[in-house]
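Chemist: Start from chain A and add chains B and C according to the hints.
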Amino acid sequence: MSLLKVSNLVSYIGLFTILHGVDMEIKQGEAVAILGRNGAGKTTFLRSVMGLVKTRSGSMVFDGNPLVGKPPHKVSRMGIGYCPEDYGVFDHLTIEENLNLAVHKKNAATAERMDYILDLFPDLKKAHKRNAHTLSGGQRQMLSVGRSLVNDPKIILIDEPSKGLAPVVIEKMALALKEISKKSTILLVEQNFHMATIVTDRYYIIDEGRTVHTGMMKDLENDKELQQQHLGL
Amino acid sequence: MGGEKIMKNYISGLSTIEKIEKLLLLAVFVVLVVVPHVSGTATITMVSRIMIFAVYAMAYDILRGYIGVIHLGFALFIGGGAYFVGIMISQFGVSLPVLLMAVVGTAIYSAIWALIVGRISGKSGLLATAMITMAFAEIMRSLMTVWRTVTQGEDGLTFRVPSPFDNRMFMFYASLAFMILMAFVLYKFTKSPTGRVWQAVRENEQRAIFLGYDTNRARTIALLVASIVGGLAGVMFGLLNRFVNTDLLGMQMTYNAMLYSLLGGSGTLFGAILGSGVVVLFQNLLLDLRGVHFIFERWLLFFGGLYIVVVMFMPRGIMGFYYDWKEKMAYKKRVKDGEKV
Amino acid sequence: MANILTLLFNGISEGALYFLMAASLSVILGLMGVVNFAHGTLFLWGAYVFRMVFIFTGSFILGIIAAAAAGFVLGIIFEKAFISRVYGNIGAQIMITLGLQIVFTELVRVFWGPTALVVARPEFLEGVSHIALGDIGTVIISHYRLFLIIVGVLIAIGGHLLLTKTRVGMTIRAGVQNSEMVGALGININLYFTLVFAVGGALAGFGGALFAPLSGSINPDSGNMFQLMAFIVVVVGGMGSFMGSALGSLFMAVMVALIGWTLPDISLVAPVALMALILIFKPQGLFRWAVKK
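Going down the list, the protein sequences come from chains A, B and C.
Counting from 1, one number per residue, gives the positions in the first sequence under this note's numbering.
Counting from 1, one number per residue, gives the positions in the second sequence under this note's numbering.
Counting from 1, one number per residue, gives the positions in the third sequence under this note's numbering.
Here chain A stands alone, though its shape is the one from the complex (with noise of 0.2 Å):
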């Protein structure tokens, strides 16, 4: 059974239509890469699953529940964690608030969910109490990601954790990212294609607001002709 089925979504911002019909299945349990040309739509679809964008017309099954329409909290708590582009961390509040600010139910896992997120990533939990906006933009990054995590969501979409970091640093990140795909359905939005070969293992191509082309990614890996094709790599 899939977690999460689009057919046909047509999203738009103000007078513009930016995806002009997205389809997309994904079951428990896998890692799926959104790949594409920049501007093809690519955010604009995570944004318009998280209610942050309006739906024109098409639907989005989550888990059995419809998505289109419902605002960004109640998406939020079904389930869905979500990484933006610009992080979305917050600048005045200490890495202990951020991560505490999207606790939605505080229960008896809560603590050891943190205790499994500052592991993921030792250098959130050397910095706990220090206000955000002193953090370098690979640690904006692992503070994205692990605030997505804190209510154990049956999926997360991150949005281009590789943008503006230094090489060792998605390394790092590539590598949380495989860690925590063990437990956690992953839709991950990539530019950098080595980032995407390492933690996801489908794919999706999205170009002028339409999925175009699927795939596995092993297959993508060896396809120089598809790759040149849809990607301009």
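Since the hints were derived computationally from the structure, they do not count as laboratory data.
Accuracy of the hints is not assured; some may be wrong.
Computed, partial: chain C to chain A, Cβ under 8 Å [claimed, not checked]:
1. 55
2. 57
3. 80
4. 84
5. 169
6. 170
7. 171
8. 174
9. 180
10. 181
11. 183
12. 184
13. 185
14. 188
15. 189
The C-beta atom is built at its ideal place from N, Cα and C for all residues, glycine as well.
Modeler: This is chains B and C only, laid out in the frame that chain A set:
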């Protein structure tokens, strides 16, 4: 000899709706030309006022409707122009050269405010501009209140105007000519390359900058044009009323410009003329109803209500409605023609 | 010298009223990106409701509570019925709050009449104390003004603690930076929008209630001056900053008092000119650091 033929071709080239539009416009013009000969002084003055307010509101529309600046001190211009006329005449005598000096003074005064506001809106954005412009009008008002020796403070300044502006009939035609001239000038501006940049800025300033437009310059030009035209409307208003007080610099005058242009149709320029006419007539109607119930004395209650209704439910105003309807008609016609073929 | 001290004291007590207006205006601006041009109207309603209840019950405290409640309820109505429908459209927001200002100011005229009404001070806060300071002279301390300063300080401390020490405050501070992300974390940010607007309305109404006995008379234009001063304070203190507006209020109060003493004719021109200069040269405000811990 060819003139008649060209005219015929021109008319047959128009669609039915366009023909009606042109006829209506002609009818309005004829009515306006005839009005002063068939009606009393009160009506002549009211229609003159509508036409001057229309210019004031069109100037406002350049800011709100075209470049997207929200100027909450627009009363600076209608009040400033009127005060220039009043002060100059009462200080230097009732003559045409003095009036000319008042016009020049108003233009300079308006331009200075435009440059200051341009500087601030370029730096601090829409909200800060709205807040500071409101404060600017308020300080002008308080200055005019305090400068009692010259302005008579809150009592207001009564003055005479030089011939031929002291003639109601002349003033009416002058206002009509003023409105047509300013409508033409502003229309030319909106259709110029600068006017196109204005709309690009309103739609998306970041993108306009990205496309290489100097958006600050475009905004300053818009502010200059709107402020000076607004100031000239103030001069005309002063000549019409032969009286000016601090109310002309108050928030209510700015609200008037906003409501006229908004109701008529933001970003349609000529909508402001329509808005000015509708609101002033509506106001007169309510004032006549005062005897029926005391609530009608509270004109502002209706004014504010109308305002909220327009913002929430018809953001494109009357002209916007009309344009949408016209579009729909044209579409239907195309569909119908398509079916026949 | 003693005269100046008295003058400063009086000025600062009015600064407490600026603060009540400016702090709520600033937090609303920070969180929702809305400048509430109807804020002075909430202040006005607070003043009139206070007067009505004060006269009816004879209780100063009940009058103040009623005024704050009126501001709270009007805040909810403004946000829910009008402003929330045009979030993201700055032009429409400005227009709509202006429309509300016109209508609700006019309603005050309908209900209470267009002329000024007299308001008495509560007995227990009436009177003045003369404090002799040796060579400096005697400073005159009005009890009611002292009360205003104490209330202002308490609200500043309380608000600061609320914003820094509680989960609600944490959410608001997060929302000031990125309200969309707060929503995406599973928090109903719209609820916070309404809440902040309502509490802001209550503070404005509260300010109006405190103003009425201070001035001794109220009229339908009473809110305008305070709204304008609140705008200036918000710009001086840094838009969206709570403590910034506290420091900004103090700063403006002192400045207005000193200018009013030396050059009374330009007592409004100078603050507005300062606002213009700040917007041109330092748009982030003079006290923006206050918000960053």
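Chemist: A closest beta-carbon separation below 8 Å is what the hint needs, so does residue 184/C meet it against chain A?
Modeler: Interface hint status for residue 184/C: holds (5 Å vs cutoff 8 Å).
Chemist: Any CB of chain A closer than 8 Å to the CB of residue 180/C?
Modeler: Interface hint status for residue 180/C: holds (6 Å vs cutoff 8 Å).
Chemist: Should the interface hint for residue 185/C be scored as holding, given a Cβ-Cβ cut-off of 8 Å against chain A?
Modeler: holds (5 Å)
Chemist: Return the status of the interface hint for residue 55/C: holds when the least beta-carbon distance to chain A is below 8 Å, violated otherwise.
Modeler: violated (45 Å)
Chemist: Does residue 171/C meet its interface restraint, that is, does its C-beta lie within less than 8 Å of any C-beta in chain A?
Modeler: holds (7 Å)
Chemist: Checking hints one by one. Is residue 181/C an interface residue toward chain A, by the C-beta closer than 8 Å rule?
Modeler: Holds. Min distance 4 Å.
Chemist: For the restraint on residue 188/C, tell me whether the closest CB of chain A is nearer than 8 Å.
Modeler: Because about 5 Å separates residue 188/C from the closest Cβ in chain A, which is inside the 8 Å limit, the hint holds.
Chemist: Once the shortest beta carbon distance from residue 80/C to chain A is found, is it less than 8 Å?
Modeler: With Cβ-Cβ at 15 Å, over 8 Å, it is violated.
Chemist: Does the interface hint hold: is residue 57/C within less than 8 Å of chain A, judged Cβ to Cβ?
Modeler: violated (42 Å)
Chemist: Is the hint on residue 174/C kept, meaning its closest Cβ partner in chain A is under 8 Å away?
Modeler: Hint on residue 174/C: holds, closest Cβ of chain A at ~4 Å, below 8 Å.
Chemist: Hint check: is the beta carbon of residue 170/C less than 8 Å from a beta carbon of chain A?
Modeler: holds (6 Å)
Chemist: Identify whether the interface hint at residue 169/C stands, where standing means a beta carbon of chain A within less than 8 Å of its own.
Modeler: violated (10 Å)
Hint compliance for this structure: hints 1, 2, 3, 4 and 5 are broken, all remaining hints hold.
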